[in-house]
Amino acid sequence: RYLSKKFPVTLFLVSKEEKIHTDIAQMNFSKLKSLPITLYDHRHLDKLSSTLKKSTVIVDAMLGVGITGKLRPPYDDIVSMINKLDEKLIVSVDMPTGLGTKKAVHPDTTVTFHDKKPDMNKKNSGLIIISDIKIPNKAQTHVGPGELNVYYPRSKKESHKGQNGSVLVIGGGP
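Letter 103 of the sequence shown, counting from 1, is numbered 103 in the numbering used here, and no numbers are missing.
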């Protein structure tokens with residue numbers, strides 16, 4: 001939404017709108033519909049190649065943490081299209097789509113949140129910019145995987161992170 005105030009924006013929703021699961025994601029997508037952006041969804045992937053060629057900046061925000069195995073269609077084809085682009089600025093959000101698989105986006109820059117993700121480096125993620133999202137330092141030093149494994153319910157293997165509940169961290173004063 002911010003970019004659309006300053007630049008012409010085209011958004012490709014790789015999946016179906018019905019697959020936007022969380023309330024906050026649905027709310028944000030609804031806000032996008034009222035903006036002066038060009039919006040395509042999974043039915044218009046035939047327009048993606050020509051739109052990529054016309055664009056100056058490509059923002060990769062397709063997939064994040066949790067990918068296992070290999071990328072499936074249409075993500076594998078989209079990643080190939082992006083990686084063939086010359087003289088385009090490619091920016092990945094949080095982590096490059098496909099990182100950790102045989103086929104991944106090769107961005108110039110990755111803006112990641114809180115800290116670098118495992119296996120991120122300059123070769124596979126470009127310039128890495130860490131955006132502070134205000135996770136308290138004590139949350140890192142006083143809570144670890146042991147506590148989460150005991151108290152946080154197990155996620156189903158096929159579930160999305162937005163379907164697995166949430167964690168509230170309440171910290172004390174200084």
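Hints listed in this document are in silico derivations from the structure and should not be mistaken for laboratory results. Please note that the accuracy of each hint is not assured.
[Said to hold, decoys possible] Label-pair distances were calculated between CB atoms; the ranges are:
no., residue 1, residue 2, range
1, 137, 53, 42 to 52 angstroms
2, 137, 56, 19 to 29 angstroms
3, 88, 133, 21 to 31 angstroms
4, 137, 46, 39 to 49 angstroms
5, 53, 142, 24 to 34 angstroms
6, 103, 133, 38 to 48 angstroms
7, 137, 19, 32 to 42 angstroms
[To be verified] Calculated lysine-lysine pairs in the DSS-like style (CA-CA distance at most 30 angstroms, straight line):
no., residue 1, residue 2
8, 70, 122
9, 88, 70
10, 19, 31
Think of the CB as a built atom: it goes at the ideal place given N, C-alpha and C, for glycine as much as any other residue.
Here is what the structure says about each hint:
no. : hint                            : verdict
1   : 137 <-> 53: 42 to 52 angstroms  : holds, 44 angstroms
2   : 137 <-> 56: 19 to 29 angstroms  : violated, 38 angstroms
3   : 88 <-> 133: 21 to 31 angstroms  : holds, 27 angstroms
4   : 137 <-> 46: 39 to 49 angstroms  : holds, 48 angstroms
5   : 53 <-> 142: 24 to 34 angstroms  : violated, 50 angstroms
6   : 103 <-> 133: 38 to 48 angstroms : violated, 28 angstroms
7   : 137 <-> 19: 32 to 42 angstroms  : holds, 36 angstroms
8   : 70 <-> 122                      : holds, 22 angstroms
9   : 88 <-> 70                       : holds, 25 angstroms
10  : 19 <-> 31                       : holds, 17 angstroms
Violated hints, listed in ascending order, are 2, 5 and 6; each of the other numbered hints is respected by the structure.
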